[in-house]
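J.: Going down the list, the protein sequences come from chains A and B. The end of the first sequence is residue 106 by my numbering, with every number in the run present. The end of the second sequence is residue 1406 by my numbering, with every number in the run present.
If you're looking for bench data, these hints aren't it; they were derived computationally from the structure. This structure is a prediction, so every number in the text was calculated from the model and none was measured. Using N, Cα and C, we set each Cβ at its ideal position, and we do this for glycine too. There are no misleading hints in this set.
Computed footprint of chain B on chain A, listed as stretches where at least three residues anywhere in the stretch have a Cβ under 8 Å from a Cβ of chain B:
no., segment
1, 29 to 36
2, 43 to 55
3, 73 to 81
Chain A is nowhere near these chain B residues, computed Cβ spacing over 10 Å in every case:
no., residue
4, D1085
5, A1238
6, V1241
7, L1284
A few chain A residues that face chain B, going by a derived Cβ cut-off under 7 Å, partial list only:
no., residue
8, E39
9, I67
10, E70
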Amino acid sequence: MPIINYVTHDGNQFEAEVEVGKTVMEGATENMIDGILAECGGACSCATCHCYVDEKWVQVVGNADGIEKEMLEVVNEPKESSRLSCQITVTEEMDGLVVHLPESQY
Amino acid sequence: MSEVCVIIGASHAAAQLSASLRTEGWEGEILVIGDEAYLPYHRPPLSKTFLSGEKSIEDIQIRPAAFYEKQNIQFRLNTRVESIDRNKKSLTLEGGEIISYSKLALCTGSKPRVLPLEGSQLPGVHYLRNAADIEAIQKDIAPGKKAVIVGGGYIGLETAAALRKLGLEVTVLEMMDRVLQRVTAPEISAFYHRVHTEEGVDIKTGTAIRAIEGNGKAERVVLSDQSQLDADVVIIGAGIVPNTELAEKAGLKVDNGILVDEQARTEDPDIVAAGDCTNFPNPLLGQRMRLESVPNAMEQSRSAAASICGKEKVYAAQPWFWSDQYDMKLQIAGLSQDYDQVVIRGDYEQGRSFVAWYLKDGKVLAADCVNRGKEFMTAKKLIQSGVEVDASKLADDTVDPKELLQ
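The shape of chain A in the complex, shown without the other chains (with noise of 0.2 Å):
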């Protein structure tokens, strides 16, 4: 299973299996990992699953488009990585991804 790293905005690093298939934000909230509220549930209507993603690994994950990129540049302190987790399908390729936490999820 595919390991996931959550890293927060204070530097602490969490470490999830997450099955391929799943989002990144469904790995978070399964783990019981702070910083991704997800309060929509994966329905990308909420921006709650901010995450910056390591800019290793953008290349795998890919760029956001449609919804997900007009909500993310309105989000606190976007980036060029920033990715909403619920909409990341893990993969086998994914295996060892960082993602980083924001300070504020909004």
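Dock chain B against the given chain A, drawing on the hints supplied.
T.: Relative to chain A, chain B alone:
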């Protein structure tokens, strides 16, 4: 003896509350009692991808069984609670079994408003609230069949969209002059009316249903003007009412929901309540309210869990909602009540992407955003900041929403 927190209800609020109890440091037992057959699942997909068959019950589970096992959260499903004895701090289950609690959380949710309608007991007539309701509806639908939906609210319209996708002929009956009358401005109603018509739904506004008729099953509906419509399946979406009976019987105060404070506490120090079933003061809006929404259930539950653990976490959030229909994502920020101006950005008369901003005294109170993620996020921030905005900029599609925040 170890402490036990019992949660009555097993939906969004219970899923969040049980998890948050562990985050807040609750070390005792956690027992969730639910009257449905399933672990907590996401309700919004019921009228959308679950009804259309794209998603299974496993797909829409909020968290997998392994999560609850790991967190030592126990479930009693298919179980109804008959009564609460606050003096003895115990519950009586249907069948007579008694369960003691140290702390109790009421997450009883809501149920469909039942219409006193002749023929509503006939097979083929459904309400829509639970996964089991959808499973029953699925047995009655097939391409080409005729569906009549009673109620042009969000549930009715989402169901219409899902059934069109499955190839049914769909009619929506709305008693009021326009769909979504209770919750949106006339422009939004006109927009959804047009889009559903374009998608092949027949919407009849100003039309009430008088009766459902048929020989052993629903075959037609009789309308207020005495005309009749053929119907293989009738789905009633006439709003919901909070499940407050248990609380009321236990002597807790109830007024359009179980009365709680801004930390989800009832007047009983050992009982909290969260979700659709509560009536709470929103400190941001300075008024009491009852909300029917997932974000409300989740956020209030975080506060309730903290209260159970003796901590203080005030629930103060701007309400927001969403509704997916066809290729449209509607995101609603804030509550559109008592507004004095509606400003439209985009083309609601022909397009499928626009915003209705609701203003009061020049400030944004709420916004209905159709396929407008950027404006939705902007609206949330504008509502929160409470600054006056230039209405002409809100209306001007060439102005980047981010500029509105400066």
